[in-house]
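Letter by letter, the chains look like this.
2 protein chains.
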Amino acid sequence: MTDAAPIRVSEIFGPTIQGEGALIGVSTVFVRTGGCDYRCSWCDSLHAVDSAFRETWAPMTPGAIMAEVEKLSGGRPLLVSLSGGNPATQPLGEVIRLGHARGYGFALETQGSVAKDWFSELDMLVLSPKPPSSGMEVDWTAFDACIAAGQGADMVMKIVIFDETDYDWARKVAGRYPQLPLFLQPGNHTPPPPGDDAARVDQDGLDARMRWLVDHVTRDGWFEARVLPQLHVALWGNKRGV
Amino acid sequence: MTDAAPIRVSEIFGPTIQGEGALIGVSTVFVRTGGCDYRCSWCDSLHAVDSAFRETWAPMTPGAIMAEVEKLSGGRPLLVSLSGGNPATQPLGEVIRLGHARGYGFALETQGSVAKDWFSELDMLVLSPKPPSSGMEVDWTAFDACIAAGQGADMVMKIVIFDETDYDWARKVAGRYPQLPLFLQPGNHTPPPPGDDAARVDQDGLDARMRWLVDHVTRDGWFEARVLPQLHVALWGNKRGV
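Chains as they are written, first to last, in full-length UniProt numbering: chain A, 1 to 242; chain B, 1 to 242.
These are computed hints drawn from the structure, not numbers from a lab. Please note that a few of the clues may not be correct.
Each pair may be met inside one copy or between any two copies, as identical chains are not told apart.
Said to hold, decoys possible - Computed cross-link-like contacts, BS3-like style, restricted to lysine-lysine with a CA-CA straight-line distance of at most 30 angstroms:
1) K158 - K239
2) K172 - K158
3) K71 - K239
4) K239 - K172
5) K71 - K172
Could you build all of it, start to finish, from the sequences and the hints given here?
This is the structure we're talking about:
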């Protein structure tokens with residue numbers, strides 16, 4: 001039973017609000033798994049990606065994860081965001097089943113490189129293909145397999161934009177997946193070095209990038225794209241646990 | 001024909017993104033009508049409320065309004081946000097019908113003091129009852145009439161929160177309307193004086209109020225409430241036309 005295997009967990013924290021994307025503003029407990037098949041140049045969660053931090057990723061059973069979520073939320077059901085790293089590399093199906101039985105909802109965000117059959121049990125699947133500035137290259141066959149696996153869940157696409165090249169790429173990708181509601185997000189060019197969450201965020205620069213992105217979308221009449229910043233960065237900087 | 005009467009328009013601007021509430025991040029043209037039956041102590045749109053500015057409110061026909069919206073959007077359908085003042089005091093039914101025929105969507109935000117039969121034709125009705133800090137008192141009979149009129153539209157409730165009293169009030173109001181998805185928004189304690197949109201916004205103070213509101217919602221396990229700031233204020237201050 002794959003789903004009974006332990007899950008590598010980098011951190012569980014909250015409740016706080018979801019700071020970005022389709023569920024922005026929704027009260028959420030985050031379960032961040034450790035490990036990732038990508039190494040994005042601007043990764044803002046290296047502590048959950050770089051194997052140098054592997055000893056900080058606790059192996060947890062689905063029951064232990066839900067016990068922690070319930071403790072944090074005082075036993076009141078809310079949205080659980082499964083994040084990473086790439087949470088699709090972990091066996092999370094049983095967590096979702098346990099949580100659903102107790103009234104919790106589940107969203108998962110992944111780059112779309114690894115498909116799991118339990119995607120269909122999610123309440124929301126956020127597919128976030130990484131643009132050229134990440135240094136990664138999307139495997140579209142794997143991405144399409146994620147979409148196929150997610151049938152039954154609400155599915156949205158979120159693309160982080162750092163520059164003109166990313167923007168043009170996002171336009172093409174959006175054209176390929178017109179069925180996915182689209183969220184664009186300016187990238188954080190001042191991500192925290194792992195282990196230093198007091199590192200300063202250039203909020204003025206982020207605001208300028210957000211205005212730039214809104215201007216571009218407006219200029220191009222790209223009205224289907226929803227443009228949202230990372231609220232948690234504006235409110236708490238790079239601080240972890242909020 | 002009430003709907004053929006001219007509409008008092010304070011400003012039409014966009015496209016920009018909707019900065020707050022359920023449609024946050026969505027590309028939008030704003031049609032702000034002139035005139036309001038309320039005088040909220042912290043009003044951030046006095047230029048569309050105070051009758052001292054009445055001479056700036058152009059009487060426009062529904063056709064002229066839609067012509068301007070189409071010009072601004074390059075003829076591409078998008079979301080039109082009907083705002084004010086209290087847009088429910090204006091005869092907007094025909095604008096909605098004209099716009100729908102051309103593919104445009106319509107959201108309207110009102111305090112819920114005046115019900116119109118064309119509310120049911122909206123794509124989204126945002127009811128924003130004003131909390132005690134506004135100095136206004138909600139007429140719940142009129143508010144309930146707005147809900148009845150809005151059947152057929154997506155309906156949400158948005159409550160602006162300035163202090164503990166507002167927060168406690170919002171808890172009670174939310175309990176009264178569990179069927180309405182709820183959005184909480186920290187109030188802007190530095191609204192622009194009319195005619196001075198360069199007035200400085202205390203963004204640090206607004207961020208602190210947002211964190212305070214998230215902390216309260218989290219403390220109380222009030223997970224149904226979605227908490228969102230005014231993005232446009234963070235991005236453009238009190239500047240008008242964005």
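Checking each numbered hint in turn, tell me which of them this model violates, lowest number first. Hint check: 4 fails alone, others pass.
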